[in-house]
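S.K.: Chain by chain, the residues run as shown.
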Amino acid sequence: MAPDEKKAPYTVQIGPVHPALKEPVMFTFEMDGEQVKTVDFAPGQTHRGIEWMGMRRNPVQIVHLTDRICGICGVVHTLSFSLAVEQIAEIQVPERADYIRSILHEFERIQSHLLWAGVAAHELGFDSLLHLTWRVREQAMDVIENLTGNRVNYGIVQVGGVRRDIAPEQHPIIETCLSTYEGLLEKLLNLFLEDRTIAMRCRDCGILTRKDAIELCTVGPTARASGVNVDLRQDYPYAAYGDLDVRAILPEQYIGETHGDVYDRIVVRLLEVGQSCQIIRQCLSEIPAGPITAEEKLAKLLAICKKAQGEAIGRVEAPRGECLHYVRMDGKDSPTAWKVKASSYSNLMSWIPMLKGEQIADIPIIVASIDPCLSCTDRVAVVQDGIRTILTKEHLHRLSVEKTRRLQR
Amino acid sequence: MTPAGIAVLLGWGIFLSLFALAGGLFLLGIDRKLAAHMQARIGPPIRQPFIDIVKLLQKENVVPENAISGIFNLAPVIALASSILILFYLPVGSILPILGMYGDLVLVMYLLTVPALAMVAGGFASGSPYATVGAQREMVTMIAYEFPLAIVVIGVAWRIGAAGLSSPFALATIAATPIWTVVGPLGLIGAFILLLVLAVVTPAELSRIPFDTQEAETELAGGLLVEYSGRNLAMFYLAQGVKTLILAAVIVAIFFPWNLSGFLAMPPWLALPADLLFFLAKAIVVLFFAVTLVRVGMARFRITQVVSIYWRSLSVIGLFGLILLMADAALPALVGVGS
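Just so you know, the sequences run in chain order A and B. Be aware that the first sequence starts at 1, since it is given in the numbering used here, and climbs by one per residue. Be aware that the second sequence starts at 1001, since it is given in the numbering used here, and climbs by one per residue.
Do not take every clue at face value.
Covered stretches of chain B (chain A as the covering partner; in silico rule of three or more C-beta atoms under 8 angstroms from a C-beta of chain A) [stated by the list, open to error]: (1) 1037-1051; (2) 1202-1212; (3) 1287-1299.
Since the hints were derived computationally from the structure, they do not count as laboratory data. These figures come from a predicted structure and were not determined experimentally. Note that CB positions come from ideal geometry on N, CA and C, so glycine has one too.
Same shape as in the complex, but just chain B (with noise of 0.2 angstroms):
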């Protein structure tokens, strides 16, 4: 790779990462205002998350005396970090995944249980029986929805691949040719049902109700989270952000791909801050009834019903899925053989 070619990646990944830590912090402030309204309340305002950063930041940093503090301290790091790696190989708006060419969706399912991992490191290394068990959930809660994630992510790149093209993993291909122009109209109910199997996938990986036993308030009062504070806690607020904007991408790039550049002739200058728009806009949709909708209108789960419902319910309805899109590749071969 050139040096130019290198400056305008860490141009480009600057920007990102900008935009990664505002649109994340912004999705929180939609999130609770929205909840706030379906609840009756009247919320805080939407830059709440941006003042509640600015005064954690001005906060004491406490280690507690029983912890480690090098794991407790690096695990917010990584969890940031990572959250914000995982945007760079996932298009945003019109932008394509900057790093495309070195990892694919298969890349993005492994780094997105990094962020979890550093969580679960951080419980462990607080010393407080809280964050232990709150560690266990986290860990019992990936293994149980990790399952589900990939039927979605290869049953849709399998799809994509049967439909002839090359690189179905890539990020590049799936966002270019959407699932649903691919596939006929057993496909198109296969292809509903992944999306519905990812959404409900969303408020795990986000640990928000009803999955969000890992830090669920009222039994261990905050969980992972319980001995975090000041500089810390910010980051890891800045990282749940980062990765409720992650998973609105890996949704929106998976299942709606389309960007308003591609309805609308438009100079280039406006056309990246409109699909950015456009991008966030279709984040928030996505969010609304994937995170925001589910949380308001259910109660907390138990982690052993989070286990059976993600590897009984999910997996099975998942596979049904999987199913329908196979038997939408392979139908018109069958067809074409018996005439």
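Isolated chain A (complex conformation) (with noise of 0.2 angstroms):
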């Protein structure tokens, strides 16, 4: 008998529901002493199927349930539902709409990477740090909230531009909550990056290689902290991210190397909610006059969408990565297919090997290091006869053909 075969590892689960976990999925660690051996999870625990309530809606509807998919991203899904439902139908959005769209997707962002930072810091059992970043997100809620009118589930985008324009009188509003954010970034890098205890824990934890970063997909700030220079708003622009400046932050642009650790990943979304100010700034000082909707009738903007024929992919970069929605219209009131892939679906596998080898006392802070949101991401559960299996590579691709074969009849 080897040497380690004698030690009997023991296994621990955290899941679905554990303090560690701001939303549900199992996880089984195979454990060695405090060390994990092998890490195995299960989504689908918050599957609400929503892409099949969409399927018997109109895309005028179907935008507003989208807002729904997940409580931080809001604009995400219906910024990239409504790209996805313009390309198809051919609707020119106006350009002003595109504005007012970058900047709430910016000040979506900047809420989201605080809510990430204070949630991360509760989980380094920092709690002081999390009243105090939680309390600075306020701000960026309440301008959020002047500007659409909600906290969440804004109900701000709508196929072919947006709800609300932007009144000049609110400009200052907007322009007080930056200047207090840029004031008070740098004493939150500080606060994050300086301080010893937080050093100790995040630095050379949960590292994701650059190789492993892309191999896996990742996207967002988890690949970027890997050094992998990837952005959909500087590759692949959309809204109003053309006309702007934007590059992708790596870490080594802050401290001039890239371990592709939490730190590493901490110093990406807090550089991140200095870069979105800049942008939202650049966006009040460009932003165009003209209509802020392509069609104000929504019955004639019905009427558009029902003739509109094609299949079409809306990319946008979400918080935590690219969110891609995927529709076919077939000249019908609803969609004939309707996919959602949220930012963390490419990101969970990145745990497998973030958390081998890892302590016990890290797996909250990696799990919560790549800021997964699960609601986002669970699209299907599959239960027969109430006994919930796993679906192999094999079945899933004789299920794909067996569908090929009756639509092609």
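Mind docking these for me? Both chains are given alone in their own frames, and the hints should help you get the complex.
M.R.: Put into structure tokens, the structure is as follows:
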């Protein structure tokens, strides 16, 4: 018997509900003492069948359903769905609407990253920082409420434009918020990055190498923290980003090297808050006058969507990475196909290389470090005769071949 | 001992137990309130721990199916009883240790491990992987902080002994002759270093951030206590309160033993409550710096980091303090030889 076979490794299950997890997912860890040997996880605990609901509605209604896919990324999902439908129906979005979309998109990024920073601090047991960041975050929420009327589920983006304009008297409100954040950013960077305990816990913990990050197709801050230069706003500009100066934020710009660890993910996200402030400021100074929607009358808009035929993909750089909506319309009320691929879907698999060999104590912060959004991700739950089964690749392939045959008939 | 003596002892024992329970919960409430204010929150009212206890006592007491129910139920009782017992060996305000003739600081040091051991036993008996990991961590933490704690106890007692006082380990002696009064300038620095070491040991004894790995909410969902509920949890919570009071009492007894009645002349009926209040005030100040301030300003350590901090950094610092104290005692003698 080999010496390490003598120690009986034990299993620790974290989830589906656990204080370390903000959303349900089931982890199974094979442990050796305090060290993680193998990791397995099973998402699918928070599937709500939103796509199914969407297939029975028209695009104008679906936009507001997509708002509810995620509590944080309201603009992201509405925008990427709208982008897809607009491509199919060949709707030209007015420029002013594009700028307003970008402004809201960036405010959403600010509040999402600050929310994440608070969660990360809590996972590390640093509750003071949690309370501080969440108090600071309120200001972004207030501005979002001022601009859209809602704190969450904004309901501002619609097919062909946006539903509310930004009035000139709202500019100073946005400006105050931005300058507060720019002043605060230095303090936040100092608190998170100079703190000894945070550095002790996060440096070289949960490493994702550049190679792994590319092979696992990670997106967003998770990929950028590993040194992969990807950002849809820079690579495939949408909305107003073509006119704006956006460069992907990489950790080496700040500290001169890339470790691909939790610390780098904190660096990337905090710097992106500052970047978002700059983008909003640029948007405000360059925003052109004009209408805010291509078609004001909803009945007319519906008629246009109804006639539309074809398929398209709407891609958006969410706070967590690329979010993608695939829509196919065949001249009917509701789309023939609608598929959501949220950013976390691409990032979840990076948990496995990150968690292997780490300590129990680091599980919460590593799990949180990719900013998982499981309600965005869960698109399917297979239950047959009351038993949840795992579908293998072969099985799925067979099913898809069967479906293709059925469609061809 | 005469029957009357036993009755008096019992009376004091009951009084001290009640004081320990109420005072401990009060200290927990103060800690929560202060932490909340530092985190820009309003925080719960100071009586919140009392409300929690009342609520917990009304709740169902669940024993998991795969737990060893005997040990599982016994652990909280032992933890609470042993915590209260320690207080009988410690001076509280102007009340001298009521069992002082039966035990000294070394016994207190041993007794301090009993509540922790009871929690370990309870954790292992819970039959939950979280509790098991928590119990292992508690043991490791205990081993880690025991050495610096011993350095402090021995350092102080040895210096008092070197000053020519008999029975230096007895808490009555330590309380009567504050360490600051017997040492020279070197010893002052040494004693201050030992005070810092004891202050750093305190959060680990009380399993507070940054040394709360054994309960770590986000990692182990409460760790040792994960399976406890109702009456058992209430007892652990009370034990936590009493332990908080005791740790403060130990620091106060060794380093700040002064009483109000020593400075101001007052009638005996006033001296007792005044000294008790003064004791609580000292305890609040000590806990504010040793526990509240630290837990607000830091993140949780990994268990490996806890061990290296205590064994390497803190032990070296403690030994340095000890050497300073020894040098302080030896120096006058050496100078005397030289002249």
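S.K.: Against this structure, judge whether each hint is valid.
M.R.: These are the hints, each one checked on the structure:
{"no.": "1", "hint": "1037-1051", "verdict": "holds (count 4)"}
{"no.": "2", "hint": "1202-1212", "verdict": "holds (count 3)"}
{"no.": "3", "hint": "1287-1299", "verdict": "holds (count 4)"}
Hint compliance for this structure: no hint is broken.
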